[in-house]
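For the protein sequence lines, the chains are A and B, in the order given.
Under my numbering, the residue at position 64 of the first sequence is numbered 64, and the numbers go up by one with no gaps.
Take any residue in the second sequence, count from 1 to its spot, add 1000: that is its number in my numbering.
Treat each hint with caution, since some may be false.
[Claimed, not checked] For the chain A half of the interface with chain B, some residues (derived, Cβ under 8 Å), not all of them:
hint: 1; residue: F17
hint: 2; residue: G20
hint: 3; residue: V95
It should be emphasised that the hints constitute simulated quantities derived from the structure, not laboratory data.
Just so you know, even glycine gets a beta-carbon here, dropped at the ideal spot from N, CA and C.
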Amino acid sequence: MGVQRWAMGRSPWVLHFNTGSCNGCDIEVVATLTPRYDIERFGIFLKGSPRHADVLMVTGPITRQVKDRLIRVYEQMAEPKFVVAVGSCCISGGVFSNCGKGACYNVYAGLDSLLPVDAYVPGCPPKPEAIIDGITKLVKKIKEEK
Amino acid sequence: MSSSYERIFNLPLGPQHPALKEPVLLDLKVEGEHVVDVALDVSYNHRGMEKAAEYRTYVQDLYLIERICGICNIAHTLSFCQCVEGLHGKEIPERAKYLRVIAEELERIQSHLLWLGVAAHEIGFDTFFMYIWLDREISLDLMEEFAGNRITTSYNAIGGVKRDMTPEVANKMKKGMDKLEERVKFYKKVVLSERTVMKRTMGIGILRRDAAIQLNAVGPTLRASGVDMDARADDPYAAHSLVPFKVVTDDGCDAFSRIIVRLDETLESINMIRYCIEKLPPGPLLQRLPRRVPAGDFLTRVEAPRGELVHFLRADGSDKPYRYKVKTPTFSNLAPLREMLRSKGKYVVNVADVPVILASIDPCFSCTSRNEVVKSS
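Only chain A is shown next, with the shape it has when bound in the complex (with noise of 0.2 Å):
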């Protein structure tokens, strides 16, 4: 394990999985990966492909439909792998959270209740420096877990 993560904290592949959000924080994954930002410096790559993929970063609420698919795609990823949460209605389910009783009818209100998540990225949506924050945070925690 020791000499897996060490490589990983070198080059986490991330895998991006929209699961019913609005673009907002779509659109800033993207960005990150864009000149200006640049976040491939940090070794981060961004991975079309599950099985590729070590970082699972999912943005927007979770709908009912997509719950299923969403866990399927984690289960496929190899071990070990992390979970980032980007934006409000992942964290919490941010402006669904509240429907007159509880969360909108179609939504999960908040990411982990579903999936173990290493990273949260708060903002509405986050700017991609918040993002490449959150993510150099979550490498870090990777080199210093044993």
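With chain A held as given, fit chain B onto it using these hints.
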């Protein structure tokens, strides 16, 4: 088709797929490399937005409606504010009308640049994607300076707008517009001369003029099929009746002409912002309106970056909406999308072209998912 029926098989694309930015399921029916038909499932983004709006007051709803879509949030709040103001029967101050146009057009610029980048990425031209997204940051910086945030701005308020445009911001805006104009013209030159772009987009995703009208396409998708239709010109709102602009059309009917239409529209938006800054009238920003909205129905049309956006509000005299209904441009463009994705006669759709065709309508499924789509045929 019946003789070759056995050779048709289903190819699911999504809900998690490298070519997709949002969860959507495209169930493609393919015969070899050719797409014969497609069934779309857009239900993954359904959040119960319309029901949620009924539980909140109008002021709270403003922030909920904004989160229908992160990219065209100003168009959504603009529609919502117009509905509420319409039921009150009140006009907003002149200055606010102009500022709303500036915010709306600035959003259109960033959305079209974002789209052009994504389209370049889908055809495998990643250098172009990086260039465009670097220049898109100019428009986002201006948005942050002008409205207070990069993406979700909360700029429109019921009865006007929230922030004024100071002379410093106006100066920065003018400089930014000059830079953006130069860059967009450069991109147009690249698109018109680069064979990589032409080969991947010309003759792909054909939507003929009659089919576009019959299937109710909207926005740049419709205008790229040669139909001159734009809510800003046909049914002017805010200050659009006072701001001159040209409705851009193209007769190409394919993905390439959709790129050209969006690039020309970006140039038009730049000119509109310049005009609005020049002619910005003095006066207040906000007209205070009562919390309770008089009973009645109101329907409004706004030209969002992706096309015509329709909002409907039914009020019962309380401080909460009785019913709120949204019809988004992507929903209108789904039927034309199916038409584009079906091989017919000499028109052949390859599986490799599906992401390009999907991107060419500039889909935003988070907007669309409040609607139920019933599978036909």
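Check your understanding: Measuring from the C-beta of A:F17 to each C-beta in chain B, is the shortest one below 8 Å?
Key -> holds (6 Å)
**Study point:** Agreement of hint A:V95 with chain B interface, Cβ distance less than 8 Å
**Key:** Interface hint status for A:V95: holds (5 Å vs cutoff 8 Å).
**Study point:** Restraint satisfaction for A:G20 [CB to CB of chain B, less than 8 Å]
**Key:** holds (5 Å)
Of the numbered hints listed earlier, not one is contradicted by the structure.
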